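Protein chains: 4
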Amino acid sequence: MYKVTKKKVHGLLHPEIVGDERWDKIINVFIIVLIILNVVAVILETVKSINNRYEEFFHYFDWISVIIFTIEYILRVWSSNHEEKYKHSVWGRLKYMFSAGALIDLIAIAPSYMHSIIGIDLRVLRMMRLMRLFRLFRLTAYMKSAQMITNVFKKRANELALTFILAALLIIIASCIIYFTEHLYPTEKTSLFTSIPATIWWAIVTLTTTGYGDMIPLTDLGKFMSGIIMLTGVAFFALPAGIITAGFLEEFRINRIKKTHKCPNCGEDLNLENNHHHDENGK
Amino acid sequence: MYKVTKKKVHGLLHPEIVGDERWDKIINVFIIVLIILNVVAVILETVKSINNRYEEFFHYFDWISVIIFTIEYILRVWSSNHEEKYKHSVWGRLKYMFSAGALIDLIAIAPSYMHSIIGIDLRVLRMMRLMRLFRLFRLTAYMKSAQMITNVFKKRANELALTFILAALLIIIASCIIYFTEHLYPTEKTSLFTSIPATIWWAIVTLTTTGYGDMIPLTDLGKFMSGIIMLTGVAFFALPAGIITAGFLEEFRINRIKKTHKCPNCGEDLNLENNHHHDENGK
Amino acid sequence: MYKVTKKKVHGLLHPEIVGDERWDKIINVFIIVLIILNVVAVILETVKSINNRYEEFFHYFDWISVIIFTIEYILRVWSSNHEEKYKHSVWGRLKYMFSAGALIDLIAIAPSYMHSIIGIDLRVLRMMRLMRLFRLFRLTAYMKSAQMITNVFKKRANELALTFILAALLIIIASCIIYFTEHLYPTEKTSLFTSIPATIWWAIVTLTTTGYGDMIPLTDLGKFMSGIIMLTGVAFFALPAGIITAGFLEEFRINRIKKTHKCPNCGEDLNLENNHHHDENGK
Amino acid sequence: MYKVTKKKVHGLLHPEIVGDERWDKIINVFIIVLIILNVVAVILETVKSINNRYEEFFHYFDWISVIIFTIEYILRVWSSNHEEKYKHSVWGRLKYMFSAGALIDLIAIAPSYMHSIIGIDLRVLRMMRLMRLFRLFRLTAYMKSAQMITNVFKKRANELALTFILAALLIIIASCIIYFTEHLYPTEKTSLFTSIPATIWWAIVTLTTTGYGDMIPLTDLGKFMSGIIMLTGVAFFALPAGIITAGFLEEFRINRIKKTHKCPNCGEDLNLENNHHHDENGK
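Residue numbers (the working numbering), protein chains in the order written: chain A, 1087 to 1369; chain B, 1087 to 1369; chain C, 1087 to 1369; chain D, 1087 to 1369.
Honestly, the hints are just simulated from the structure, not real lab data. Do not take every clue at face value.
Which copy is meant is left open, because identical chains are indistinguishable; a pair holds if it fits in one copy or across any two.
In silico DSS-like cross-links for lysine-lysine, where the CA-CA straight-line distance does not exceed 30 Å [unchecked claim]: (1) K1111 with K1309; (2) K1092 with K1134; (3) K1309 with K1093; (4) K1111 with K1241; (5) K1093 with K1171; (6) K1134 with K1093; (7) K1181 with K1241; (8) K1171 with K1181; (9) K1240 with K1309; (10) K1134 with K1181; (11) K1134 with K1309; (12) K1241 with K1134; (13) K1173 with K1309; (14) K1092 with K1240; (15) K1093 with K1111; (16) K1240 with K1171; (17) K1173 with K1241; (18) K1309 with K1181; (19) K1171 with K1094.
None of the values given here were measured: they were computed from a predicted structure.
Turn these sequences into a full structure, and let the hints guide you.
Written as structure tokens, this is what we have:
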């Protein structure tokens, strides 16, 4: 009886594992909507005019949410040892409590208690309450396409990391060039390129083509070098797009092969790109 | 006789269904040009100097257009029950009147009548008259490539939707980070990052690399975090490009297979990616 | 003798047709360098400080260039009837004179004569002299990759044209939305969104992610709608990149097939994508 | 004994050649960290507040680094003739000293000596010390993906170069158009488009979609032409992304073929794209 309840509770809170019965869905949609409303509340609380008017409402809404999330958290921990990897009734549950998902859940509720007990700063509290946002990432587990995107990033992690390193080198080199052109040749206006770190800000804003316009090279040489840097940047910042696109095509191709490539002779699955997995004499 | 006329009228107004006889084309090109001229008129009416000079002309042009569009609308509704799905002489026509296309047509002409009868606000009238623009989307029905682009967006709808959700998460997370860095560490200038919604505007402007420059982080920590956010954004906003490109390649591949893959043995169409649809012994 | 000279002259001026003998190259490189120097001269002439100092030099340099270009033009026209399609000694040459290439050559030299004869405005003259720039496009004829890029644009012309039309629709719709949000709800600052044409400028600057920051929506609703427009724009403006990338891949694939696909049975070229151009029983 | 030492030293300094023993790694990581710290130091030295406080520290840190780099350089030169191509004990070493890698190493340490001997300007010294940054490119040699990126850029060098030339033409043409529209029709505000070189700066900032907003066309015609230029730019600047993406896909394909294509009949490697490297009768 106790075990059945635990299994049921576990199933209700992890619908992605067990299935999609009616109650699973209702509870899940309720939790998701509550998380979204919490995030919206924290965002709106920062608007003074709204906060002044609805302060009390926000206060009560937060406490109701925290209580619901606390109950959910306790039930999750309690039912966690239903799973094989958290089997032990004490250590298993502790192990679960230190899993990434459970920690995020804890961080989402802990600050509210800490606020009323220890008296944590309200602004820090708000920031921490936004951690609830991260719980939304769980949603992506339901989406098939999420796995594809994750796959692309995982498989191309090396190339993307290298692109990041090259981008860092390009940014530093660009910053140094512009720092020295703007620094060595003083203009009538006071240059904003006072140091290399300040110029790195300019380089990132420029090379990502954001271009705020708060810092603009004023010397002719600086403009000339910036022009070259910008054009180089266009070719260079096409790299991540290229890597990611190529990655997607690979994923699509793999999915396609899985779906369509069955040998027309024997009906077996083909796990090679080769169209022939056996030849005519192979019967 | 009555039926033949109705069929002819229906054909004239739906050249994409019946064919492209001479009169179809003339009527269609005339309607399209009239729609474009109407849109141009509404756009130019908003320029004060032009409106002051040509106000009367715009007035008459609008009324002539409305009359032509009204006639077209009535003829469309009248001849609609020529089609199988709107067969019933009353309910079929009513059903047609509530189809998306017919509603847009109605919205395009109704405001002008409402203006002279109920006295609707002129500015609202102008906005509604721009609805005529949407009728231009009908044009895309003639273009083969439009279907390809629609296909790409449809087939990749899941991935694109997920990208949108992830973009929303990234924007909110970025906003919160910058809001707190800019808010907690006050600078001499009054910060524009007064609330998270205000910072979301900054995040969208920055992450789409638009970079107006109306809001710029001023603290060192804020600039540092913005730099990381921008670089992350470049990799992240390459996702839609990647998905769409991969989608196009799939479309091209499918078209190619349809065109070129006929079995060299028997001349039959191949509907698989497999180059062999039957083997040597399969005869 | 006369014919041989003409053939030789024709060859010298069209090295891409005849071959690459020594003199061809020298003359060609000389003409190209002269064109580039002319463009540089016209660009530098617009800088006041440079023009004041070197005005005389620019004047003489222009006349020497014009004389050389005139001689080249006359020789081109004279030797043009060496080619098959311009065979007739009078009509053939006239026909050549109205070809795109010859007209550009004429436009490049005519203004200088018109200036000294009719007294054409100097500023218009300068602009027309920049037409010499277009002669540089001839260079691309030598580059193999130029043909590939041209091919991509040609074959994908339909899709790219449609993208342009859709972009125009998106820009107009975005302009109307923001015009009405910024216009109907007046703010304390005077809005810059005075008319739809003015807002179209904002829409283009925003949707291409240029983001000058000269026009920024000030109302909350305007900012909200702009945010949605920007995010839509990112997905939408990924279309040309997607189409062009897919186009390149097609070109690469075609080149690859041309190179590598020879039938392993008979050594014949395969002009199909099919790996089999004849089956086992076809011997 | 001497030879063994030399071989060992050479191995320690070139772990990418010999292998990855324990000491190799330690020395290498130490050198890399020292280079990064040096770059960070040079960057931070340009921040006045930091430099004032830690000037002495930076001074000592620089000298310690220079001594270590000098020792490394001497050992590299000394052990260089262990390699086949630098075999000769004098000329081989000299040849090595003039290799790109060795020159960068020299440039990284020379300025510090020149400063204390000849009294080179401190600001020039700092700039030259940043050359140490280039030594980080050596790191990329260890990364497999670096080779892929290099391959893509090498194989597509022609297309990318052509894109650069076309970009230059587009920039010049755009500059001329906007220069003349902004120059011929004077507005109340003083135009910033004073010369074509100044307008080229605008064109680069605009076409790379950086859009600082320091120069904005003010005339209606100028804005109209800019709009067209921006939209053209979007399609055009999709070219590098397209070329690079297509290049990556080629690389992935080649890697895949290398890995998976073994003939299922005989187990031999297939070095063609053709799925058949021998036919049924070829046994």
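These are the hints, each one checked on the structure:
1. K1111 with K1309: Neither: 59 Å inside a chain and 35 Å across chains, both beyond 30 Å.
2. K1092 with K1134: For K1092 and K1134, the Cα distance exceeds 30 Å both inside one copy (45 Å) and across copies (63 Å).
3. K1309 with K1093: Neither: 67 Å inside a copy, 48 Å across copies.
4. K1111 with K1241: Intra 33 Å, inter 26 Å, cutoff 30 Å: inter-copy only.
5. K1093 with K1171: within (15 Å within a copy, 52 Å between copies)
6. K1134 with K1093: Answer is neither; intra-copy 46 Å and inter-copy 64 Å both fail.
7. K1181 with K1241: within (29 Å within a copy, 41 Å between copies)
8. K1171 with K1181: Intra 9 Å, inter 58 Å, cutoff 30 Å: intra-copy only.
9. K1240 with K1309: between (39 Å within a copy, 28 Å between copies)
10. K1134 with K1181: neither (42 Å within a copy, 50 Å between copies)
11. K1134 with K1309: Close across copies (18 Å), not inside one copy (43 Å); limit 30 Å.
12. K1241 with K1134: Neither: 45 Å inside a copy, 44 Å across copies.
13. K1173 with K1309: neither (65 Å within a copy, 47 Å between copies)
14. K1092 with K1240: neither (35 Å within a copy, 42 Å between copies)
15. K1093 with K1111: Classified as within; 16 Å inside a copy, 51 Å across copies.
16. K1240 with K1171: within (25 Å within a copy, 40 Å between copies)
17. K1173 with K1241: Neither: 32 Å inside a copy, 42 Å across copies.
18. K1309 with K1181: Answer is neither: 58 Å inside a copy and 38 Å across each miss the 30 Å cutoff.
19. K1171 with K1094: Answer is within; shortest intra-copy Cα gap is 18 Å, inter-copy 49 Å.
When held up to the earlier numbered hints, the structure conflicts with 1, 2, 3, 6, 10, 12, 13, 14, 17, 18 and fits the remainder.
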